[in-house]
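**Q** Could you build the full structure based on these sequences and the hints that come with them?
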Amino acid sequence: MGLRTSLATVAGRAVTWGARRFRIGGGTALPGFLALQLHPGLLRELARQLPHGTIVIAGTNGKTTTARAVAALLETSGLAVVHNRSGSNLPRGIASAFIEASSLTGRIRGDIGVVEVDEFALPAAVQALQPRMLVLLNLFRDQLDRYGELETVVRTWRAALAALPSDALVVVNADDPVLADLTEPFGARRWTFGLDDLTVALPALPHAADWRLCPRCGSTLTYERVFLGHLGIYRCAGCAFTRPPLTVTGRSVDSVVPLQLEITVGSSALMLESQLAGVYNAYNVLAAAAAGLALGLDAALVARGLATVEAAFGRQERVRLAGRELTLVLVKNPTGFNEAIRLLVLARQRCPVLILINDLDADGRDVSWLWDVDVEALQQLAVPISTGGIRGGEMALRLAYAGVVPAARYRGVAEALDRWVATLPPGSCGWVLATYTAMLQLRRELARRGLLPSFWVQ
Amino acid sequence: MRLRIGWLYARTMNIYGDRGNVLALVERCRRRGIEVEVREIGVGEPLEPGCCDLFFWGGGQDREQIAAAFDLQGAKGEVLRGEIERGVPVLAVCGGYQLLGHFYRPHDGPELPGLGIFDAWTVAGSRRMIGNVVVESHEFGELVGFENHSGRTFLGPTAQPLGVVRIGYGNNGEDRTEGCRYRNAIGTYLHGPLLPKNPQLADFLIACALRLHGWEEPLVPLDDELARLAHAEAVARARAQRRTVVLPLPFKRR
Ligand SMILES: [Zn+2]
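Residue numbers (this note's numbering), protein chains in the order written: chain A, 627 to 1084; chain B, 16 to 269.
Everything labelled a hint here was simulated from the structure, so no lab data went into it.
Treat the hints with care, since some could be wrong.
As the list claims (entries may be wrong) - Stretch-level coverage of chain A by chain B, calculated; a stretch enters the list once three of its residues show a Cβ under 8 Å from a Cβ in chain B: (1) 983-993; (2) 996-1002; (3) 1007-1020.
Unchecked claim - Simulated DEER-style distance windows between Cβ atoms: (4) B:141 - A:791: 32 to 42 Å; (5) B:54 - A:871: 54 to 64 Å; (6) A:871 - B:85: 32 to 42 Å.
Glycine included, C-beta positions come from ideal geometry on N, C-alpha and C.
**A** Encoded structure:
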């Protein structure tokens, strides 16, 4: 490693220290940004020092949770993991995490990298990190005003797959027809995972399903089972395209709250338990298990590691505020929101719900997607539902058109938190569903009250 | 009374919360005791004259829009044209709006034929026009929505715009027009929950549909307090995020 690597590392470390010292944000992106300006090849330089290489995880929903789970597996097996744990998943955020794990001379301290990557940064990240494994989770509609059409994401991912080293493994969710088609050329270098469970199947493709057509011939896909969004067991009416055989199968999801999942690989079975809940977490746990097994980790160790995984930022995090227990759930796209509602309904939870909707750049400025969410299912809960955030009014209108009369409408996030919590009886509970920046604001408010660790130390 | 809503290409041209428009129509009828039946009309499915009292047509990705354009070449398109001439109300958004014009010309590949109901045509542009939009319409007052399109639509000499852009880009980002009107058909780039936040537009479409059945009485007003609040909130966001300051210049037509 040259002087340049060292210089860029020192600069990045100095910025991290400064940002924290003077409390100007978590220092999760700026150090990496600056260091990459000084030395664009820095990430490649640091990544190639990792003796066990890097695992890259991408997908619209679940990449933070899955990356945490994979990191937990590896840590359980005694490896030192370099991981962009804060969820900062653009090259600058990844570089920040790598710099943080490096000495001032630009030598990385760690055995293996686990990196979650933004959908559009995937080709650049694959170029720089030269991963040994790429885990692809799903492809949903997310913030279309930022990303453009889904087809654009598919093209981007095709480029990322082409840039993989020739010996890299691809671990892919075969229940997503688009990803199954995209990774088909990998043949023996591909591990597929998917669900095969009737108990969690939906009656039909939900309205928010993003793909209905065969990625090969354009005919309508027929679903034998739908598990979540457009994920399921499918077959094309027009050509031979069908869900490929699974390397790792998830079954017997007796309980999705909390999660119990039996997975089979070939002739051996393994029981997994997780503190996470919901069908979307079944996919995340399954993905992490498949990645661990594909790396050759021992099955018992995989199970033990997965049991330790805690909820990531805003993914069913629990916090006590003024004697009430709050559960925080991040909602950022129609499929994620639908799954959050499904979780509330499956858990038969009886606590009031607060929904916070912001429309800042990181949330997506277009809130139209709220109208694709099956909010109608909230009627079954029969609990008071209130709204807040910059677009709390839009959410209230959406609820009203779904036959759910909003209990209260608050203006900002801080005001909503305090006034809504005051309406909850002491000792009771509440659920908060919030978009990305609303969740950040909420956490900042909770941190100010000393209730949550700062973002960068979690 | 029973209204039949035809949802054109519901399965394939349906992004950005387009469903919100159908939800609003159904719910506003239901609250007034008007029964509603929603029929989805997909590619390859026939369209009979008189089958529907109102049409909604949303936006889609390129491939789906091409499929719809070819589906409407021939008898099906002629039926739709006849229905619009008969006064059947239509709301067409983004991709649907573009295909009610003369043609859509992409960057590469062949021109997509439209039905030519609006004297308008669309050319693919190099940048996306994205953001909250506020439009002033003579007939419907202030309309608010969100736009996200790279197609630039230009109105011909006989076309009547839906309104004038106050904040945002509108048809093409140049001439300040937004949308198009012909008989009871409305085309617009304001996608997603346009009707929930602009209930006057929803009620216009419903009233037109009822008139086809000889119903001339004014609609029973509904409690639209939440719609007013959401509307005001959206306008405030458009103001806060406005990128182009639009001066009150005389209306320019090209
Ligand atoms: Zn096919």
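**Q** The structure should be examined with respect to each hint, and the outcome stated for every one.
**A** Against the structure, the hints:
1. Taking a C-beta to C-beta cut-off of 8 Å, the region 983-993 of chain A contributes 4 residues in contact with chain B, enough for the three needed, and the coverage statement holds.
2. Taking a C-beta to C-beta cut-off of 8 Å, the region 996-1002 of chain A contributes 3 residues in contact with chain B, enough for the three needed, and the coverage statement holds.
3. Residues of the region 1007-1020 of chain A lying with their CB closer than 8 Å to a CB of chain B number 5, which satisfies the three-residue condition for coverage.
4. At roughly 36 Å, the beta carbons of residue 141 (chain B) and residue 791 (chain A) sit within the given window of 32 to 42 Å.
5. Between residue 54 (chain B) and residue 871 (chain A) the C-beta distance comes to about 39 Å, which lies outside the given range of 54 to 64 Å.
6. Separation of residue 871 (chain A) from residue 85 (chain B) is about 36 Å and conforms to the stated range, judged on CB atoms against 32 to 42 Å.
Checked against the numbered hints listed earlier, the structure breaks hint 5 alone; every other hint is satisfied.
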